[in-house]
Amino acid sequence: MNITVFGGAQPLAGESAYIEAMRLGRLLGAAGHTVLTGGYIGTMEAVSRGAAEAGGHVIGVTCEEIETWRKVGPNAWVQEIRRYQSLRERLFALIDGCDAALALPGGAGTLAEIALMWNQMIVEAIPPKPLIVIGLGWQTIFEALFSCQGGYIPARDRLHLAFAGDVEEAVHELAFIFESRE
Numbered sequence: 006m007n008i009t010v011f012g013g014a015q016p017l018a019g020e021s022a023y024i025e026a027m028r029l030g031r032l033l034g035a036a037g038h039t040v041l042t043g044g045y046i047g048t049m050e051a052v053s054r055g056a057a058e059a060g061g062h063v064i065g066v067t068c069e070e071i072e073t074w075r076k077v078g079p080n081a082w083v084q085e086i087r088r089y090q091s092l093r094e095r096l097f098a099l100i101d102g103c104d105a106a107l108a109l110p111g112g113a114g115t116l117a118e119i120a121l122m123w124n125q126m127i128v129e130a131i132p133p134k135p136l137i138v139i140g141l142g143w144q145t146i147f148e149a150l151f152s153c154q155g156g157y158i159p160a161r162d163r164l165h166l167a168f169a170g171d172v173e174e175a176v177h178e179l180a181f182i183f184e185s186r187e
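By the count of the numbering used here, the sequence shown reaches residue 187 at its end, each step adding exactly one.
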């Protein structure tokens, strides 16, 4: 399967968030999945590295707008580059190109990726596919959203999101979802 991984650009090699992202990449690569990331630094680099080192195929979905803004190129573990002009095109390529998506901790960009994919499924612009958010931080944010904005988010819309405490749980959940579809 093609698995998109969203996540923040801040973690550096050796930090716990980087190590956790690398573990996710290894698990996905070892399972034979193709991994799509934003292709740059932080958790994108760590997931790419882990997947490549485990023998998986790594696609970096990049764009000129990010490279102009941040002055960074694709990380060393990207094996295939899909380059777009705009961030908007890049986001849709990450969503449209996957069979499932996992979201590691991150900031505004990661939140935008989760929200965009979630909303695309809600309005049936794309078919339903697994969207698993990883970590207590995301779970706390979405529980607060559901609590404070509950009337705007019916139960059927919440079903498009799944929560996992860590990367192992996310990969296990992903495998369970794919097995139950067969």
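Hints were generated in silico from the structure; no laboratory data involved. Fair warning: this is a prediction, and the values are worked out from it, not measured in the lab. Incorrect hints may appear among the rest.
[Stated by the list, open to error] Calculated pairs, EDC-like style, for lysine to aspartate or glutamate (alpha carbon to alpha carbon, straight line, at most 16 Å):
no.: 1; residue 1: Lys134; residue 2: Glu178
no.: 2; residue 1: Lys134; residue 2: Asp162
no.: 3; residue 1: Lys134; residue 2: Asp171
[Said to hold, decoys possible] Simulated restraints, written as ranges between beta carbons of each label pair:
no.: 4; residue 1: Ile24; residue 2: Ser185; range: 29 to 37 Å
no.: 5; residue 1: Val77; residue 2: Gln154; range: 21 to 29 Å
no.: 6; residue 1: Ser21; residue 2: Thr145; range: 14 to 22 Å
no.: 7; residue 1: Pro132; residue 2: Gly19; range: 37 to 45 Å
no.: 8; residue 1: Arg161; residue 2: His62; range: 33 to 41 Å
no.: 9; residue 1: Ala120; residue 2: Arg75; range: 33 to 41 Å
no.: 10; residue 1: Gln144; residue 2: Glu72; range: 31 to 39 Å
no.: 11; residue 1: Phe151; residue 2: Glu174; range: 30 to 38 Å
no.: 12; residue 1: Val128; residue 2: Leu92; range: 35 to 43 Å
no.: 13; residue 1: Arg163; residue 2: Ser185; range: 33 to 41 Å
Each residue gets a CB set at the ideal place from its N, CA and C atoms; glycine is no exception.
query = Which numbered hints turn out to be false for this structure?
reply = Hints 3, 5, 9, 11, 12 and 13 contradicted; others consistent.
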